[in-house]
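Novice: Go by the hints and put chain B onto chain A.
2 protein chains.
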Amino acid sequence: MALESLSKEETLAMRKRLIGQSCRLFYSDKPVKIVRARGQYLFDEKGKRYLDCISNVHHVGHCHPSITEAAAAQMELLNTNSRFLHDNIVIYANRLASTLPSQLRVFYFVNSGSEANDLALRLAQQYTGNEDVVVLDHAYHGHLKSLIDISPYKFRKLAGQKEWVHVAPLPDTYRGLYGEDHPDPGQAYADTVRDLIEEVHKKGRKISAFFAESFPSVGGQIILPKGYSPKVAEYVRSAGGIFVADEVQTGFGRSGSHFWAFEQQGEGFSPDIVTMGKPMGNGHPLACVATTEEIAKAFTDNGVEYFNTFGGNPVSCAIGLALLDVIEREDLRGNATRVGTHLKNLLRKLQARHQVIGDVRGVGLFVGAELVTDREKKTPATKTASLLVKRLKEEDRICVSTDGPWENVVKFKPPMCFSMDDAELVVNCIDRILTDMEQNGPELEKDNV
Amino acid sequence: MALESLSKEETLAMRKRLIGQSCRLFYSDKPVKIVRARGQYLFDEKGKRYLDCISNVHHVGHCHPSITEAAAAQMELLNTNSRFLHDNIVIYANRLASTLPSQLRVFYFVNSGSEANDLALRLAQQYTGNEDVVVLDHAYHGHLKSLIDISPYKFRKLAGQKEWVHVAPLPDTYRGLYGEDHPDPGQAYADTVRDLIEEVHKKGRKISAFFAESFPSVGGQIILPKGYSPKVAEYVRSAGGIFVADEVQTGFGRSGSHFWAFEQQGEGFSPDIVTMGKPMGNGHPLACVATTEEIAKAFTDNGVEYFNTFGGNPVSCAIGLALLDVIEREDLRGNATRVGTHLKNLLRKLQARHQVIGDVRGVGLFVGAELVTDREKKTPATKTASLLVKRLKEEDRICVSTDGPWENVVKFKPPMCFSMDDAELVVNCIDRILTDMEQNGPELEKDNV
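Residue numbers (this note's numbering), protein chains in the order written: chain A, 1 to 449; chain B, 1 to 449.
Mixed in with the good hints, there may be bad ones.
Calculated cross-link-like contacts (lysine-lysine; reagent style DSS-like; alpha-carbon spacing at most 25 Å) [stated by the list, open to error]:
1) B/Lys-202 x A/Lys-206
2) A/Lys-16 x B/Lys-297
3) B/Lys-206 x A/Lys-157
4) A/Lys-393 x A/Lys-46
5) B/Lys-145 x A/Lys-145
6) A/Lys-154 x B/Lys-145
7) A/Lys-297 x B/Lys-206
8) B/Lys-154 x A/Lys-162
Calculated directly from the structure, the hints in this document are not laboratory data.
With the rest of the complex left out, here is chain A (with noise of 0.2 Å):
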């Protein structure tokens, strides 16, 4: 297979006409096209190397040789649907199971994180057969239109915002209401999304679910503050809701010392649906809700068929599995919480030397570095962070981009083979960049408010 066949202004001008510019490019201005990707490494059309800060997507590293074998072996084979009996599709779920808590036993597969979070809005609804929903500020739950109503990332500048959805501030510890300083700040944001569940009852409407990605993403790569999300579900329970996590962004194994992100929150902890997708199949179409019997169950009894033409095949399954057995064997886990370590202490140094740093927070390979013109104020630095995102593609070839309502939260969250030498080289660059933007601005912005 050629690598390329088409120039790169051919596939620029192509892409401009035929693919809806709503599909946006990254770098607009100068886009990058690639052929060929290994690990944690992009290659261009002139096979110049980029480094991958930022693909949580190829989370055992692209075109690892694993996953491709099990597609191919299994394509060969079988890739019918999930009406016929299959071993791929129940043993992907027992394993699968085995790093969940007990309770939530049973699952369905779909495509995407966005259809996992769809059905998991209908499971919700159809089991307390409430409509409303709380979610965080700033969330980003996915591209469907279901979602974008329980996604204030995308309701604000879209539709707005629907009567049955609410809320809740983001639990953001350095910028947010309560901040670190605060002496319970789990309990304190907990108790916001108390006060609005009692808000919704007043006005006569009842929860349904509580969404929330298990570490914010787009709201800026936030961690929950501990003690959060167990309080939250007690809220949400005694509402009637459900808790619902969503760790499309942050799941298998990407925090590290866990398999799941809301295992953050204590080991009694447990939600009452786990939706899963991005990491899931490596770039394969590949995503999951997990939910419990009870609420399985009065999925069933609605007597309607949920049929999703490619969700469970064998292909997909096989992909799964085999991006499993990759965790294990490579111990990427062990690495996320190595490298992420190495790469946060290493920003946080940087910190110390560089004022425009305002925070850096993370866990394992869920990094985040907000970039602030003035410590004090925490005013954004949303045109520095651009800058140097722009910088770092065009001087050193590392891809990185930015979260956060203020897009100033420049994100690491690399295949999990990223490498004690690849956070030392982007840490080195960002110091050069910024040092070069300090010492001959005016790049750099001094205050843009």
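Specialist: Just chain B now, with coordinates in the frame of chain A:
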């Protein structure tokens, strides 16, 4: 790779325990375990061969080696998201454009027909600024929340009809409002849409879109009467709405004579949006929305990114391209015409000898035989149809299934490599079973009303 690692009993037990029971099995009282497939044949764990008459997803045949090779070669190289430039997505879009009317030249790649229809709904509502949707009775457009709302087949059993959804009569010339004997059923059925739109306007509401499967499938393998779609499109457009053709079941040459089923409605006719899915990736999760520049522009102009994590990745597009090549190289459209015509003729001969076959209809390899207990009253022979499906599986290892509001339409939508011999085999077996049922009742229902 082992074909089977669990006994059938273990697989079934684990399936019941681990997979949501809303995901139903075929032949639920005696499900089939399939471990291998090739072309139009499925093989169970004992090596027994089944003839597959229904897997339209496995369009060019199960496990086609050209598809597997294309997938494996691209998986080996690269499978990033569409935020990087890549040749496959633009070459594929260009190839698809060449099959469509020239105004449909902007593409959005997604992972399932459901995701495609959800996006079509968003595009229609954004472009027109209107909310309401007209759909056909008994239609099914997908499993997502937004699509259940526009699928009478589902919403009647679930949340009910939303105020923004309006149901037009199914243009079924066998048992609908206007029959084949009507001088112009296409016009007559189109007029029901015109009248419905008038009613909607009287309520002070406005139409965003008319959604219809180009051949309504779940509705009972219906072939729309000549002239229907262009007339409907005219009425819908003059009301400010757009025409969405759902080709998820029917696209990619199934009708033989044309690449898209909507083309059966005449050369000058073009929908404003075409959605595609199931057959597109031969089992790989791949789907798409094609639309006009104007509609795409309105979506871009809202300023909000549309990002689909897996949509349009290089592997999906490589598979899509390989599928287009196979359709051409193996003249599968020609085969669909030849074999489909033969199958329909054979079924019509059968109809002359079996009173229970009330109607035989179809185009290419999209064929239905509607069973009735009484040809005058057209009473649905639901039980007979169900028994026929069961006996074909038990006695002949032939997989067919039923559709239609009464599940009395035996449907054929096999892989496109279905052969003359396959058609003869299935019709002979149906003949034998129906004869046996007629002679040996009481299995054959006399009247189930």
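Novice: If a hint holds in the structure, say so; if it doesn't, say that too.
Specialist: Evaluated hints:
Only pairs whose Cα atoms come within 25 Å are accepted, and B/Lys-202 paired with A/Lys-206 is rejected, the gap being roughly 34 Å. For the given pair, A/Lys-16 sits about 12 Å from B/Lys-297 by alpha-carbon distance, which is consistent with the 25 Å threshold. For a cut-off of 25 Å, the pair hint linking B/Lys-206 to A/Lys-157 stands: about 23 Å separates their Cα positions. Annotation: proposed proximity of A/Lys-393 to A/Lys-46 holds, straight-line Cα distance about 15 Å (limit 25 Å).
Annotation: proposed proximity of B/Lys-145 to A/Lys-145 holds, straight-line Cα distance about 8 Å (limit 25 Å). Pair hint A/Lys-154 plus B/Lys-145 holds up; C-alpha atoms about 18 Å apart against a cutoff of 25 Å. With a C-alpha separation of about 39 Å, the suggested pairing of A/Lys-297 with B/Lys-206 is violated against the 25 Å cut-off. Under the criterion of a C-alpha separation no larger than 25 Å, the hint pairing B/Lys-154 with A/Lys-162 is consistent with the structure, at around 24 Å.
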